[in-house]
Amino acid sequence: MLYNEPSPHEVKVLTRRFGLENSASLDTYLATDGFKAFKKALEMTPEQIIEEVKISNLRGRGGAGFPAGLKWSFVPRNSPKPKYIVVNADESEPGTCKDRLLMENDPHQLIEGVLIAGLAVDAHAGYIYIRGEYRYLIEIMDRAIAEAYSCGYLGKNILGSNFHFDLYTHTGAGAYECGEESALLESLEGKRGVPRIRPPFPAVVGAFQCPTVLNNVETYCAVPAIIRDGGAAFAALGVPKAGGTKLTCLSGHINKPGVYELPLGFPVMKMIEEVGGGIRGGKKLKAFIPGGSSCPVLTAEECQDLTMDYDAMARKKTMLGSGGVVIMDEDTCMVRAALRIMRFYAHESCGWCIPCREGTTWIRKLLQRFHDGMGQRSDIALIGDLAKNMFGRTFCPLGDAAAMPTMSIVEKFYHEFEDHLDGKPCPYEKARQLVMA
Amino acid sequence: MTLSAELEARFDKLLKSYPPGRQRSAMIPMLLYAQDELGSVTPELVEEVARRVGVEPLQVEEVMSYYSMLHRKPLGRYHVQICTNISCLLTGGEELWQHACKKLGIGHKEVTADGQVSLEEVECIGACSWAPALQVNYAFHHQMTPEKLDRLLDSLRKAQ
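Chains as they are written, first to last, in the working numbering: chain A, 1 to 437; chain B, 1001 to 1160.
Since the hints were made in silico from the structure, they are not lab data.
Here the structure is a predicted model, which means the values were calculated and not measured.
Even glycine gets a Cβ: it sits at the ideal position worked out from N, Cα and C.
None of the hints are false.
Facing chain B, a subset of chain A residues (Cβ under 10 Å, in silico):
| no. | residue |
| --- | --- |
| 1 | 92 |
| 2 | 95 |
| 3 | 99 |
| 4 | 169 |
| 5 | 175 |
| 6 | 191 |
| 7 | 327 |
| 8 | 343 |
| 9 | 350 |
Bound conformation, chain A alone (with noise of 0.2 Å):
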């Protein structure tokens, strides 16, 4: 179902079936074209397929943005290992709510995408691994998948191709750390979402200890457009370096909130103000965080004249991240805000490297007494010093990830941990209740 009202500067592609009656069948899929890309890329070499890929300048949607097609080419052609497609549908980066929305309405155009990854690698097996807090989703793709599978969309000889290809899902149990890609294949393996040392890259050691292709549900969505418009076409959607739509989850102090599937290169400052309907209550914009808790937060200013695409925000020295739109009012207490996403890391931080670990629970003890209004005022570099001396430091990003919004927020919003010093109430909290009340 539809969970909030379609914007009219959505451009669907990926979302083209929302709506629909039965939306997530296997009929209604192959009513509005499902399927053709798969017929298609089975008339296509692997090269031409990943060429298109390529083409269509498909980045990675989990949140890194790395190039698809890349990620493809590098899986060894000659290896004789098996080899396999995983999809990452571990969505739990806070602010990020549309992979729930792909797989719930459209749950066969992730088959179809998986399929032509498993053609464009010559992979025979596939695994969704879907977080554990989305049982009603897993039931929906095994739903999908039995219907493909009895269709002869998926299993032996499909379609009579001589292809064939198994498709799996798997659930997660509670465990932020296992959307990062080496810690969710330890998981899919039954050990503790502890990340791998890379390189080797999942592309070359992956599942199994074979090579292995992983990708976001998003990225997977998209390639069935791909190969059955072209790559080009899907590319000029967007800005050049980055192809096609992004479904973008706008939360926080907005009007409509909402998930809209958005050209990359949008506008901020219009998505806020036409696709979200402003600030809510009138207010001011003080702050924006574009792709998930992990990316640095920018100012009101700083969303002036910017656009919604990968190397505009690493200009700004942020991240297009997952597409997890937060948006923070005039009357949000910023110290506060750091201190909740500087919880969650040190929730989620799952122990291996020290920096991390260490790092994530005394920011978060220093923030906490900053709220409590028993901050000192050299906790305040403290706090940035601890950030940058986790930041590059780990095994995986979940270091930086908890580093880039504290630092951005101690840099950006300095005067906000001024005005908790010396006993001070929180001045932001007295305006909050009003909201509230």
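Please arrange chain B on chain A, whose structure you already have, making use of the hints.
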């Protein structure tokens, strides 16, 4: 240990879902699905899963302690999980959490005296655009308010 027919079927399917020699992969799904039926991960279940996937019980213990959804103590029949992460925080998730604690008279990971309802403050559950959000067992409830929460808790009580 005797399992229900559904669980047996699910375990069989899981054990066949992974490459030969990789049955350990089924461990986490097996624990979670079995917990749904049994209410918690009991020592017997640990032994059973260890035997079926071919590892030592200690290895199962080691893995399960990592995952926040797996627990040794039974929760309430209705496990209410309230998100207070950033998007929910900005839209009243914290107030919702405090309201629930007060109304039920229990705190984080506690169960009401009658064993019916338990409460947990959780991290992002993937409902940010429809915040504040919570889950009762696996069902999502979006755009919650203290009033809607009251009605929800009352309906759970009536459903007993």
